[in-house]
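**Student:** With chain A's structure known, arrange chain B on it following the hints.
This is what each chain is made of:
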Amino acid sequence: TQLLEQSPQFLSIQEGENLTVYCNSSSVFSSLQWYRQEPGEGPVLLVTVVTGGEVKKLKRLTFQFGDARKDSSLHITAAQPGDTGLYLCAGGSGGGADGLTFGKGTHLIIQP
Amino acid sequence: GAVVSQHPSWVICKSGTSVKIECRSLDFQATTMFWYRQFPKQSLMLMATSNEGSKATYEQGVEKDKFLINHASLTLSTLTVTSAHPEDSSFYICSAHRAETQYFGPGTRLLVL
Chain A
1 TQLLEQSPQF LSIQEGENLT VYCNSSSVFS SLQWYRQEPG EGPVLLVTVV TGGEVKKLKR
61 LTFQFGDARK DSSLHITAAQ PGDTGLYLCA GGSGGGADGL TFGKGTHLII QP
Chain B
1 GAVVSQHPSW VICKSGTSVK IECRSLDFQA TTMFWYRQFP KQSLMLMATS NEGSKATYEQ
61 GVEKDKFLIN HASLTLSTLT VTSAHPEDSS FYICSAHRAE TQYFGPGTRL LVL
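Top to bottom, those sequences are chains A and B. Under the numbering used here, the residues of the first sequence are numbered 1 to 112, in order. Under the numbering used here, the residues of the second sequence are numbered 1 to 113, in order.
So that you can see chain A by itself, here it is in the shape it has in the complex:
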């Protein structure tokens, strides 16, 4: 059974601060995806990383896939209240044709 450990589970910081969310596993994934989920809605895809060592940037968000494709991180620079939400990492195998294994999520609150 593949497991993804996501940390921290809860994080509350002030506007303007930086933060990093981690997603770790002992298993190798063919891809890793980061989602953001609002209450009562489905997850919305932020990024997919597929190559070990890959780094992708989405405005103030930087995503990294570990060299061994077992872990990933999400770094947010100068956090804003609009970044508040639940962030989920999810690992895929089989070229994406298999179901995803989700981490438990990080509840992020950015205080103005």
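Since the hints were made in silico from the structure, they are not lab data. Everything hinted at is true.
Lysine-lysine pairs mimicking DSS-like chemistry, simulated, CA-CA at most 30 angstroms apart: (1) LYS56(A) <-> LYS41(B); (2) LYS70(A) <-> LYS56(A); (3) LYS55(B) <-> LYS66(B); (4) LYS104(A) <-> LYS59(A); (5) LYS66(B) <-> LYS104(A); (6) LYS64(B) <-> LYS41(B); (7) LYS104(A) <-> LYS20(B); (8) LYS55(B) <-> LYS20(B); (9) LYS41(B) <-> LYS70(A); (10) LYS59(A) <-> LYS41(B).
In silico contact screen, one side only, chain B against chain A (beta carbon under 10 angstroms); selected entries: (11) ALA2; (12) TYR36; (13) THR57; (14) PHE104.
For glycine and all other residues, C-beta sits at the position ideal for the given N, C-alpha and C.
**Tutor:** Chain B in isolation, oriented as in the chain A frame:
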């Protein structure tokens, strides 16, 4: 973009009745769709993989006779919760696979009284 819809968005039913939830890929074809369940304050848990034209594959611990899945076309998968009980109350979310990525529907909130 890749848009996935679900219907209904919420449903309330009596214990013992059956409920059908639809998942549609609106602008692409998906031979594979997935069904997840999310309890309050928890993450998503994969229930089953829905394959167009063949039987669904279920994760360990998910009763296939209780959660019936039909993937009749390349854009539609349905999940039927049979003989629903209060413990089946949850947020059911589907996704459709496209090019290394899964795109999620908006979810269906099920409340069984």
